[in-house]
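Use these hints to put chains B, C and D onto chain A, whose structure you have.
Protein sequence lines, in the order shown, are assigned to chains A, B, C and D.
For the first sequence, this note's numbering gives the first residue as 45, with consecutive numbering after it.
For the second sequence, this note's numbering gives the first residue as 45, with consecutive numbering after it.
For the third sequence, this note's numbering gives the first residue as 45, with consecutive numbering after it.
For the fourth sequence, this note's numbering gives the first residue as 45, with consecutive numbering after it.
To be clear, the hints were calculated from the coordinates, so they are not data collected in a lab.
Check each hint, because a few of them may be wrong.
In the DSSO-like style, the derived pairs of lysine-lysine whose C-alpha atoms are separated by at most 30 Å in a straight line are [claimed, not checked]: (1) C/233 to B/233; (2) C/233 to D/233; (3) B/73 to B/130; (4) B/233 to A/233; (5) C/130 to C/73; (6) A/73 to A/130; (7) A/233 to D/130; (8) D/130 to D/73.
4 protein chains.
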Amino acid sequence: MSEPFRPGGDGIRTRLFQIIFESDTPLAKGFDIALILVILASVLVVILDTVNHLSAAYGEWFYWLEWGFTIAFTVELLVRLVILDKPLRYLRSFYGIIDVVAILPTWLMLLLPGTQTLVIVRLLRVLRIFRVLRLMQFVGEGRLLVEALLRSWHQIFLFLFTVFLLVTLFASLVYMIEPIEAGFTSIPKAIYWAIVTLTTVGYGDIVPITPLGQAISNLVMLIGYSIIAVPTGVFSAEVIRSIRADRYSEQACPGCGHDRHEKRALYCLKCGTWLDEETPDPHLAERASGTPKD
Amino acid sequence: MSEPFRPGGDGIRTRLFQIIFESDTPLAKGFDIALILVILASVLVVILDTVNHLSAAYGEWFYWLEWGFTIAFTVELLVRLVILDKPLRYLRSFYGIIDVVAILPTWLMLLLPGTQTLVIVRLLRVLRIFRVLRLMQFVGEGRLLVEALLRSWHQIFLFLFTVFLLVTLFASLVYMIEPIEAGFTSIPKAIYWAIVTLTTVGYGDIVPITPLGQAISNLVMLIGYSIIAVPTGVFSAEVIRSIRADRYSEQACPGCGHDRHEKRALYCLKCGTWLDEETPDPHLAERASGTPKD
Amino acid sequence: MSEPFRPGGDGIRTRLFQIIFESDTPLAKGFDIALILVILASVLVVILDTVNHLSAAYGEWFYWLEWGFTIAFTVELLVRLVILDKPLRYLRSFYGIIDVVAILPTWLMLLLPGTQTLVIVRLLRVLRIFRVLRLMQFVGEGRLLVEALLRSWHQIFLFLFTVFLLVTLFASLVYMIEPIEAGFTSIPKAIYWAIVTLTTVGYGDIVPITPLGQAISNLVMLIGYSIIAVPTGVFSAEVIRSIRADRYSEQACPGCGHDRHEKRALYCLKCGTWLDEETPDPHLAERASGTPKD
Amino acid sequence: MSEPFRPGGDGIRTRLFQIIFESDTPLAKGFDIALILVILASVLVVILDTVNHLSAAYGEWFYWLEWGFTIAFTVELLVRLVILDKPLRYLRSFYGIIDVVAILPTWLMLLLPGTQTLVIVRLLRVLRIFRVLRLMQFVGEGRLLVEALLRSWHQIFLFLFTVFLLVTLFASLVYMIEPIEAGFTSIPKAIYWAIVTLTTVGYGDIVPITPLGQAISNLVMLIGYSIIAVPTGVFSAEVIRSIRADRYSEQACPGCGHDRHEKRALYCLKCGTWLDEETPDPHLAERASGTPKD
Numbered sequence: 045m046s047e048p049f050r051p052g053g054d055g056i057r058t059r060l061f062q063i064i065f066e067s068d069t070p071l072a073k074g075f076d077i078a079l080i081l082v083i084l085a086s087v088l089v090v091i092l093d094t095v096n097h098l099s100a101a102y103g104e105w106f107y108w109l110e111w112g113f114t115i116a117f118t119v120e121l122l123v124r125l126v127i128l129d130k131p132l133r134y135l136r137s138f139y140g141i142i143d144v145v146a147i148l149p150t151w152l153m154l155l156l157p158g159t160q161t162l163v164i165v166r167l168l169r170v171l172r173i174f175r176v177l178r179l180m181q182f183v184g185e186g187r188l189l190v191e192a193l194l195r196s197w198h199q200i201f202l203f204l205f206t207v208f209l210l211v212t213l214f215a216s217l218v219y220m221i222e223p224i225e226a227g228f229t230s231i232p233k234a235i236y237w238a239i240v241t242l243t244t245v246g247y248g249d250i251v252p253i254t255p256l257g258q259a260i261s262n263l264v265m266l267i268g269y270s271i272i273a274v275p276t277g278v279f280s281a282e283v284i285r286s287i288r289a290d291r292y293s294e295q296a297c298p299g300c301g302h303d304r305h306e307k308r309a310l311y312c313l314k315c316g317t318w319l320d321e322e323t324p325d326p327h328l329a330e331r332a333s334g335t336p337k338d
Numbered sequence: 045m046s047e048p049f050r051p052g053g054d055g056i057r058t059r060l061f062q063i064i065f066e067s068d069t070p071l072a073k074g075f076d077i078a079l080i081l082v083i084l085a086s087v088l089v090v091i092l093d094t095v096n097h098l099s100a101a102y103g104e105w106f107y108w109l110e111w112g113f114t115i116a117f118t119v120e121l122l123v124r125l126v127i128l129d130k131p132l133r134y135l136r137s138f139y140g141i142i143d144v145v146a147i148l149p150t151w152l153m154l155l156l157p158g159t160q161t162l163v164i165v166r167l168l169r170v171l172r173i174f175r176v177l178r179l180m181q182f183v184g185e186g187r188l189l190v191e192a193l194l195r196s197w198h199q200i201f202l203f204l205f206t207v208f209l210l211v212t213l214f215a216s217l218v219y220m221i222e223p224i225e226a227g228f229t230s231i232p233k234a235i236y237w238a239i240v241t242l243t244t245v246g247y248g249d250i251v252p253i254t255p256l257g258q259a260i261s262n263l264v265m266l267i268g269y270s271i272i273a274v275p276t277g278v279f280s281a282e283v284i285r286s287i288r289a290d291r292y293s294e295q296a297c298p299g300c301g302h303d304r305h306e307k308r309a310l311y312c313l314k315c316g317t318w319l320d321e322e323t324p325d326p327h328l329a330e331r332a333s334g335t336p337k338d
Numbered sequence: 045m046s047e048p049f050r051p052g053g054d055g056i057r058t059r060l061f062q063i064i065f066e067s068d069t070p071l072a073k074g075f076d077i078a079l080i081l082v083i084l085a086s087v088l089v090v091i092l093d094t095v096n097h098l099s100a101a102y103g104e105w106f107y108w109l110e111w112g113f114t115i116a117f118t119v120e121l122l123v124r125l126v127i128l129d130k131p132l133r134y135l136r137s138f139y140g141i142i143d144v145v146a147i148l149p150t151w152l153m154l155l156l157p158g159t160q161t162l163v164i165v166r167l168l169r170v171l172r173i174f175r176v177l178r179l180m181q182f183v184g185e186g187r188l189l190v191e192a193l194l195r196s197w198h199q200i201f202l203f204l205f206t207v208f209l210l211v212t213l214f215a216s217l218v219y220m221i222e223p224i225e226a227g228f229t230s231i232p233k234a235i236y237w238a239i240v241t242l243t244t245v246g247y248g249d250i251v252p253i254t255p256l257g258q259a260i261s262n263l264v265m266l267i268g269y270s271i272i273a274v275p276t277g278v279f280s281a282e283v284i285r286s287i288r289a290d291r292y293s294e295q296a297c298p299g300c301g302h303d304r305h306e307k308r309a310l311y312c313l314k315c316g317t318w319l320d321e322e323t324p325d326p327h328l329a330e331r332a333s334g335t336p337k338d
Numbered sequence: 045m046s047e048p049f050r051p052g053g054d055g056i057r058t059r060l061f062q063i064i065f066e067s068d069t070p071l072a073k074g075f076d077i078a079l080i081l082v083i084l085a086s087v088l089v090v091i092l093d094t095v096n097h098l099s100a101a102y103g104e105w106f107y108w109l110e111w112g113f114t115i116a117f118t119v120e121l122l123v124r125l126v127i128l129d130k131p132l133r134y135l136r137s138f139y140g141i142i143d144v145v146a147i148l149p150t151w152l153m154l155l156l157p158g159t160q161t162l163v164i165v166r167l168l169r170v171l172r173i174f175r176v177l178r179l180m181q182f183v184g185e186g187r188l189l190v191e192a193l194l195r196s197w198h199q200i201f202l203f204l205f206t207v208f209l210l211v212t213l214f215a216s217l218v219y220m221i222e223p224i225e226a227g228f229t230s231i232p233k234a235i236y237w238a239i240v241t242l243t244t245v246g247y248g249d250i251v252p253i254t255p256l257g258q259a260i261s262n263l264v265m266l267i268g269y270s271i272i273a274v275p276t277g278v279f280s281a282e283v284i285r286s287i288r289a290d291r292y293s294e295q296a297c298p299g300c301g302h303d304r305h306e307k308r309a310l311y312c313l314k315c316g317t318w319l320d321e322e323t324p325d326p327h328l329a330e331r332a333s334g335t336p337k338d
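Chain A with its partners taken away, still in its complex shape (with noise of 0.2 Å):
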């Protein structure tokens, strides 16, 4: 990852930037592994802070770490605007968002006392759990899903698309045929039914009751099971792609310059220039003296 941000001369600031932004020094490395554990930590207080019981037991410990994870995130926030060139830059991007968004809502239940009971303002700080996202961009296994996500994104939009069509027609038929006890009482209502069976969820909190509505709901169960084929398939394709795509060379012709060889290639597919510079091709003086089938 190239860090736009990076800072001059400076050495403590250079140092410093090498263990917070980067992480191939194992102080850096140490560096990123403590503060996931600490946002792991800050993430299970706000989660557990939710459990009756435990909220009254333990409310004031959960308080007291909340600050302390509080102040250590808001310190590592000036350092990183504090090392920085451009700190404003850092503040706007996605990174920089996530990092202010994890500190706010404990500061504003200081500011705006009466904040404190906003369930709202208090949860907003589970979303700091996207902040070990950053430390996941290093771990390079990540990159070849993404990658064939990407890649296979068309056709599942087009899946999606074809799963609403069908949820929606079969929403809109149980919808006419079952009765309103049954639970279907508008579309909207059939179409979380239609979801919840074709994707083989099945609550149970809506079923249909007539045989007609059952012999439907068969069906939807069916399609749902098979059709999961699809979007597993374009994904396997798209990951046996990538790994084989491992097999390309990052080479350029020297002849024309083309740099999508395979591996084994010899030579250009695109001009038949001899690919390996520092040896002769063997071929040479017979395809001189004019095709090889002469």
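Leaving out everything else, chains B, C and D in the frame of chain A:
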């Protein structure tokens, strides 16, 4: 897509044809996108109109919006018919029928006053969602999927038949074992249960209550969980085959016989021979005199 | 399919054999399709006869239809036996047994008057659906799937064993944790819950109610959701391998008799013999003088 | 499997070692199969013993069967320890610990009379199912799967982390939206619901009741239904890679450079050259004089 209805010279008709029936000019693309949005909006109105409290609050709005959409679609259909040289043939085509079905229910409500209450006629308007399909066909990405589906059709049919066979047998078995109170009142009901179980939907509205019934249930679940691999495997293989067939030529090199060249290859990647036996190699002279870089 | 019962000369028997046992003449195909439809119709009657209100209204019809099907199947079986040279051997084969099972229950109801009420005897008639299998075998598309299933059998068995191990362990764990009121009254019941959860069926008739039980439940769900990839991946790979097996030629090497060459092979990979017996080996002279590298 | 405990000369110990620790003689295979059956039977007894009415009727039987199994396993363990040169090292290995855990609970019940009622101690006996693993390792088919799993480990971890992130966010969102009565009493409860929904299990014990909650539910279901493609695709690709890597060598032909030979190939399939550059071609003379068939 080759439209068999393309009009002759006439300037305005030809331009309208390009906008409405084709999609390769900016204006035509704009028209397509606007049309998709209007269609989706009109379907949304039909859906929301079935929600009681929305219908009570905004019924009037929905009524006039519905008329707006109907008049727009009617004008659009008339323009289509005027443009085409064989309008009747269009009316008998799949898209022509859908265009008529999209506007007919609303006009029927006007002509036959009592129909306004007929839920079925009103719900027929949902079918106008099929109008979106016409515009989807311009998206080329779907073709690969449809081709793969068609090629795996036989296997998927066999799979569904096997599912049907298993479902019938297990349903009969559980119908015999379970008491009436468990809800297995007839084999069709037991088939409904078996499909709910095999497809891993699992509503839970009818479940076996005897230990033997639960053991059979476990077997059906494990079968359902395992055989989902069949359509997925078949379809994955077909998508992979489609992608690969797209890339590699079946032609062998006339020089060394190597036979796995990408379709875009002009020269053999193993011996540098010009692959097209019918035309001369444009770089022959150049290469004969040494490497091109000299 | 090679029928081991094929009759000798006798004109009518041979023609009947072709119609009833084979499927390559138009008449034989017509017979097969008619037979499939009759079998499915007879199974449908058995199924619908279990629906109380249908049975009350159309019981008489079902009764006579059932006799019609039974007589038709009996005649068909007798004709089969008369045609064949070894009728007893046919009766002991899988299809012979199914043919007898398909008609026996109805005849039993006649011979032993009281049996008409025996639900089990009547339901045995559902087994006649297996008769359709005979006709499915002419559909060649299934062979690829069955081959792939057989080849992945070992891995699918290992997968199911792993599932069974996980299910037993998690079931014991949840049985210890959850109170009796949650429905986990014994380990077999807990195993039922674990399978319902791991296969993502999720009836919801037995669910954990303690936080720890729900946490284990979450773990089981995530495992079930992830390991479904295993049978799917194995089977996909096998289907792809089956398709690729088409790549192998059936021709044996004229030199050493080795017979699994890829179709693109020009020389035997075991002894280096030129495989195409109709044209001379183009590299023969070259090799005779030593290895090509000299 | 190379056992690091193999004894020296001593005749009987070596023979017992071959029977108990190895599996390549008929006697050793018989011992393995008998042991698997006994282990599964002993686990079955533990499981059935928890069913009240079975325990009431056959409790005595189960008690003596349990003692039979425990004594058999104890004798087996003692024999293993006597055979081995380093018995203590075996006791500290995974299989040694499992062997001890398999017999300890029953002996504990004898030594500490009160323990018989301790459900947990008794259930520990279920862990003896792990003893089967030792015998599974001789089944070579599992290695391919385990290798593919290990290679896709990083991607599956990333996938699970993404699932966890989605689950936390959607759970917090639904916790805010849904009223307490719907059962979303805390975020951990909402996470339980989100996992039930995303993995398509769908118990239905906690479901959203507000339209907005149901809309989010729909989104979670569709995401869960789609992203199952990710582990499946990754694992499929890895299995395919494993199978392929097993078959093709990476070595190129010294004659023509062709580089996709099956590992079992001795001669190049394109030019018939002997592939092993270090030994002479055994058929050289023969082939030089013409086709072998002459």
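In rising order, the numbers of the hints this structure does not comply with:
Structure breaks hint 7 only.
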